[in-house]
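K.L.:
Chain by chain, the residues:
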Amino acid sequence: MTPFTEPPKRSDEPIWWALFSAGGVCFAVLMPGSILALALLPALGLTSADSLNYARVSALLYQALYGMAGLAFVGGVICLPLFHTAHRIQHGLHDLKLGGGLLSKICCYGLAAFASAIAIGLLLAGQLQ
Amino acid sequence: MNKTISISRYNPEQDSQPQLQTYQVVSEHSTSVLDALLQVQQQDPSLSLRWSCRMAICGSCGVMINGIPKLGCKTFVRDYPEQLVISPLAHFAVEKDLIVDMSPFLQHLSAVKPYLINAEKSLQPHKQTPAQLAKYQQFANCINCGLCYSACPQFGLNPEFIGPAAITLAQRYNLDSRDQGKAVRMPQLNSKNGVWACTFVGFCSEVCPKKVDPAAAVNQGKVASASDFIISMFTP
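Quick note, the sequences are listed as chains A and B, same order. Mind the numbering: the first sequence is residues 1 to 129 in our numbering, read in order. Mind the numbering: the second sequence is residues 1001 to 1236 in our numbering, read in order.
For the record, the hints were derived by calculation from the structure and aren't laboratory data. Check before you lean on any hint, since a few could be wrong.
What the hints assert, rightly or not - List of simulated lysine to aspartate or glutamate pairs, DMTMM-like, C-alpha gap at most 25 Å:
| no. | chain 1 | residue 1 | chain 2 | residue 2 |
| --- | --- | --- | --- | --- |
| 1 | B | LYS1192 | A | ASP95 |
| 2 | B | LYS1113 | A | GLU6 |
| 3 | B | LYS1113 | A | ASP12 |
| 4 | B | LYS1182 | A | ASP12 |
| 5 | B | LYS1192 | A | GLU6 |
| 6 | A | LYS105 | B | ASP1228 |
Input sequences plus hints: build the corresponding full structure.
P.N.:
The structure is reproduced here in structure tokens:
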């Protein structure tokens, strides 16, 4: 084993851990509410089908609070939970001795970043129309 | 009452691998696993084990009991009516029978500079309020038994991980109002083998015989390291 002679390199893990923590909070707080409001309640007929009509939803996503509401929704329900998931997969791969190195890091966080970029891109495209 | 126990035996000069050997011991209500091991040593003096205080304060008699790291002196034979298998602490190299090489553990502890660092050369005692003491007191109860390293799957995968006890000790001094050494301890905690190698399994806190809660110290260390990261971005 290496003796502790000189200070080791700083890890970049705080960035991923911060995204993981923020994503965890979003998963716990926003996701259940979103699933309830967007999937369960309409499916059970407890909210009127009209509350999710195209005009209303697109107005919420694209125009409410100058588009900030849509951005916060996509960020909190899609992007941050994606980074949370990527972090769990990355550390899970390390535990299974299947990765955990640079390659799996690029794959996991790269995929989360790519999917987040698509989600935000689609939202912005809709907002700019 | 007679009880059969199995002990992992290993003499690196003769054996290719450790083997279980069974022994008969007399077990009463108050017989600890350490008492049982000492009975076995009377029958078979070749059995090697570490022990000292018999009262869960020296931290010497850590062993795996049915695969869980425990102090032999704090565990009772009566709690194992079925099988009782005693083996050396996991994740450490076995020297003989139940004795493991603790030097990697001690090296990790010393890497975090576990002592008060304070440039002030005063002969007066450093006063501390009860609130200042409460911040670190729980983390000061560690007896360096090493059970948390045997419990930690991340230390098992990566022996360079500085580990629960060392991080707890770093937190113990970083939170001490008399200490000024946080800046020299943080580089170890900030590295990939520091706090960031932990995946918050939490088994370290479960096995800790002194309820030190190393997992809490590691998570506090993660917050400290993350703020250190942000501060470092704005300082040259």
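K.L.:
Take the hints in turn and mark each one as holding or not.
P.N.:
Status of each hint after checking the structure:
Annotation: proposed proximity of LYS1192(B) to ASP95(A) holds, straight-line Cα distance about 15 Å (limit 25 Å). Between LYS1113(B) and GLU6(A) the alpha-carbon distance is near 13 Å, which keeps this suggested pair within the 25 Å criterion. At roughly 23 Å between alpha-carbon atoms, LYS1113(B) and ASP12(A) fall within 25 Å of each other, so this suggested pair holds. Annotation: proposed proximity of LYS1182(B) to ASP12(A) holds, straight-line Cα distance about 20 Å (limit 25 Å).
With a C-alpha separation of about 14 Å, the suggested pair LYS1192(B) and GLU6(A) falls inside the 25 Å cut-off, and the hint holds. Among the hinted pairs, LYS105(A) with ASP1228(B) is consistent with the structure: their alpha-carbon atoms are about 23 Å apart, no more than 25 Å.
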